[in-house]
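If you read the protein sequences in the order shown, they are chains A and B. Numbered per our numbering, the first sequence spans residues 1 to 516. Numbered per our numbering, the second sequence spans residues 1001 to 1516.
Treat the hints with care, since some could be wrong.
[To be verified] Heads up, simulated EDC-like pairs for lysine to aspartate or glutamate below, C-alpha to C-alpha not over 20 Å straight-line:
1. B:Lys1132 x A:Glu462
2. A:Lys132 x B:Glu1461
3. A:Lys22 x A:Asp413
4. A:Lys132 x B:Glu1470
5. A:Lys132 x B:Glu1462
[Stated by the list, open to error] Derived Cβ-Cβ restraints for the label pairs, each shown as a range:
6. B:Glu1461 x A:Leu173: 23 to 31 Å
7. A:Leu75 x B:Asp1113: 55 to 63 Å
8. A:Gly464 x B:Glu1414: 54 to 62 Å
It is worth saying that the hints were derived from the structure and are not from the lab. Glycine included, C-beta positions come from ideal geometry on N, C-alpha and C.
Okay, here's what each chain looks like letter by letter:
There are 2 protein chains.
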Amino acid sequence: MMNKKRLRRRQRGEGKEATETKPVWVGLMGGGYKPLAEADLAQIYETALAVLAEIGLAEPIPALLEVVLPRGCVLGENGRLCFPRSLVEAAIAHSPKQIIYHAPNPNNDQVLDGNTMLFGTSGEGVTILDYKTRRYRPSTLLDLYDAGRLVDQLEHIHTFGQPFIASEFSHDLLTHDINVAYAELAATNKPFHMGLGTAAHVDRIIAMFDLFAGGKGEFVKRPFCSFGGCPIVSPLTFARDSLEVMMRCAELGITYDVAVAAQAGATAPAALAGCLVQTFAETLACLTVTYLINPQAPMLFGMWPFISDLRTGAFTGGGAEQTLVMAATAQLCAHYGLVSSVASGMTDANMPDGQAGFEKGISTVVAALAGGNSISPYPGAVGSLMGSSLEAFLIDNEMMGMVMRVVRGIEVDESTLSFAVIRETVNGPGHYLGNPQTIDLMKSEFLYPTLADRRDTTTWEEAGSPTIYERAHRRVRTMLRDYYPAYIAPELDRQIRAQFDIRLPMEMMRVGNGRW
Amino acid sequence: MMNKKRLRRRQRGEGKEATETKPVWVGLMGGGYKPLAEADLAQIYETALAVLAEIGLAEPIPALLEVVLPRGCVLGENGRLCFPRSLVEAAIAHSPKQIIYHAPNPNNDQVLDGNTMLFGTSGEGVTILDYKTRRYRPSTLLDLYDAGRLVDQLEHIHTFGQPFIASEFSHDLLTHDINVAYAELAATNKPFHMGLGTAAHVDRIIAMFDLFAGGKGEFVKRPFCSFGGCPIVSPLTFARDSLEVMMRCAELGITYDVAVAAQAGATAPAALAGCLVQTFAETLACLTVTYLINPQAPMLFGMWPFISDLRTGAFTGGGAEQTLVMAATAQLCAHYGLVSSVASGMTDANMPDGQAGFEKGISTVVAALAGGNSISPYPGAVGSLMGSSLEAFLIDNEMMGMVMRVVRGIEVDESTLSFAVIRETVNGPGHYLGNPQTIDLMKSEFLYPTLADRRDTTTWEEAGSPTIYERAHRRVRTMLRDYYPAYIAPELDRQIRAQFDIRLPMEMMRVGNGRW
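With the hints as extra help, turn the sequences into a complete structure.
So this is what it looks like as structure tokens:
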């Protein structure tokens, strides 16, 4: 498959480390699964463009109209803003074909293009599942910091999106947002993200990041944090606050991470195809606005059609229909050259149990095989995105490694076809255990889990018959007790704390604080 | 996608029940995922044919040589039997393109062809996981009977393959095999299978099935049970006992369910492509033997490359490499017109926990999307096929329903694209909850789980925060306490018990026996 060839060239070409000896690596390419036929893609595209041109979006704000009306958008008598086809197609054509996720440490920078995939966290859930009581409690700033420290250590999570809010500051959004930004910067050296609903906070947070980056104006040159949100209230209505954030990011030329989450049967058509049409139209509206403000501004194309359980009207993220529409968005974006953000893993299970396992696994492998770029399998998240479990971050990390190995695929060439090895073996030892090929491939062909069990049943019983959840809990404690990265140097930390209202106590950022 | 069109024609055409109002149905078609490029398929095919022609198989038995040598097979000086290319290609060309799984109740007959898929159990594990103690104990005849009664009630399991042995009879194989056959017939009205390692038992078991079918010679007209096994010891050696069973089934013209399970890195090359080559060659040898005995005899093409954990040499069924090689076999068989048997779900987790969930879910959705026909997601199985958990049958049934809905895909046409529905809604109520389309699609577009949780976290906490494993346990008890189908009528049962040594006590086959 061309896919494989490109993959191997990429593998050989990128010399940072000897990727050829690793079973998985960042930059693997999906696309082998095509949920929709080309004709289906075209029909969805055409209908979405018709929705934008003929139905349009309600509640455009004056600052938006000022930019888009002179460029050809049309405000109807009903107050809806329509986007002519030519404008939308120009936005698609000019959208960046490559987006770089910068990281605080440039070695962790990630490139998104074509069908290359990576995995990140996401969420902004409001609760955390307590291991001992099996009950949810409101999530705090310390929980966010802990999740960041965990993710920083987990191999198959490449970016850190804000998994929960700091609920103790929900009455004071500036303090909340500043502290989320600080906690994430303190916890991880991977590219990170945060949700943001107030445009005025963008510049304040960037001022803090500039201190880290070495001076005013430095952050936007290598924006190691991206801001995200949803500038749309479905169906087809602008949401002022997030729209303003998106517009400010576009002005600054930094990546905005949109997530348009119309819900099939509630705020989008129940027909899956129609749900795709509407969400595509809504996300294209965001792309076109971004393009009209700043043609160079990258927008991560997050069309996230969500599913309702029609018996209750509630969001349900764990079912097959959710898997399907997300796979379709991955394919749609790849087909039209939009760098995609795709969600998976939004299990409805309230614990990291067998249900969480199969709902997360199925949706994630399908999203990756369909060619999603920035995939959030919502590691850690349980309860239909209501909250997270720290243990689940570790379990999901194993699952994501497995998915990456599936995406890598099977290399077929004269050497791997093994005709000579087969002949030698049947004429020789009768098994392959000591064959040089076997030893050679041991580390490059096979991914060995680090938490998932491969013990025989007897050994497992002797260890007390633990589930992966129980094993994860023990490991979470060790990982959080011993790992306090010093990404913010002490002198810089003093500067930041002098200028910003930082609520993460310094004593909680050191080994031996007794929390774990 | 043509796939979808064919699917919908099939859906409309098969009038047994109003499938159009159901979210999933038997006969869905995979094939949307292509793990290998066409050139890769061709290389694997060519190399496998070269292996058969130039390396051949060891230890052919005299009865086999008698059939195949006059037809062009060649016995080398080294005692290996080689298959000329033309013979293997004739066997492939003549292999039935459709296989029917007959059922004791003809309403449950299943058809396998093209990319149509169904799900069955499998295994022949030797232990069962006890819920309370979390320990494995040897499986018994009653366990097998119970598993059959469960599967008979589970919607997304379409055939019942023997999940475990009756270990109390392992010293007496005839009693064992007769009782396995009886217990399966008593427990389910779905098509069923059993493993068989002694050719002489075939006719004895058929004599019993003939009583059920209404007279001597009746069973083979509608064989509602298929026999299976592995006539190969890898690498490339015949296994006398199972070979004799396969040859007897071919003579009788009944489906033989082969499972050739060479293990990468131990009994097959560690390179995944080479492992595919060898397993393909071994299974093609079985197909060719079957063809030479009886060109009309159907053989279910079960090339089952297995994976070793090269750190220990032990079988590991839960990893990504296992998922990949099985998906490749599904594609390979579909490409060359062989009706395939494909395995998935062979988790290495020792309990139905989160690990079991994602390993089973990922491998099963990938196998189904790759176009496998008779897929065994090993429902119930845990511990690298060492045993089963009754609770896991229920959990896996949910997972398999989800996979079927993914395989069904998204229908795209003018109605589902929903342009008019979107326009009405934004100009009207502003939501889709009461829209006729929503109500219309509620039962046909969406699959609602019956065991998987969709409760909100508060309701779940109030119910005691149960995992799916805990909920499954409660349901297993109800399902097994109340469900004793009378598939074997009393008079027939007396006849069978008069002629065969049946060890399943009649009092254990009635409600109120106190076991559950």
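Hint check:
For the hint pairing Lys1132 of chain B with Glu462 of chain A, the CA-to-CA distance comes to about 16 Å; that is within 20 Å, so the pair holds. Note on Lys132 of chain A and Glu1461 of chain B: the hinted pairing holds, with a Cα-Cα distance of about 13 Å set against a maximum of 20 Å. Restraint check for Lys22 of chain A and Asp413 of chain A: the C-alpha separation of about 19 Å stays at or below 20 Å, so the hint holds. Of the pairs offered as hints, the one joining Lys132 of chain A and Glu1470 of chain B holds, with about 17 Å between alpha carbons and a cut-off of 20 Å not exceeded.
Simply put, Lys132 of chain A and Glu1462 of chain B have alpha-carbon atoms about 16 Å apart, close enough for the 20 Å limit, and the pair holds. The supplied range of 23 to 31 Å is met by Glu1461 of chain B and Leu173 of chain A, whose beta-carbon atoms lie about 29 Å from each other. Between Leu75 of chain A and Asp1113 of chain B the C-beta distance comes to about 57 Å, which sits within the given range of 55 to 63 Å. A C-beta distance of roughly 59 Å is found between Gly464 of chain A and Glu1414 of chain B, which places it inside the suggested range of 54 to 62 Å.
Figure legend: structure checked against the earlier numbered hints; every hint is met.
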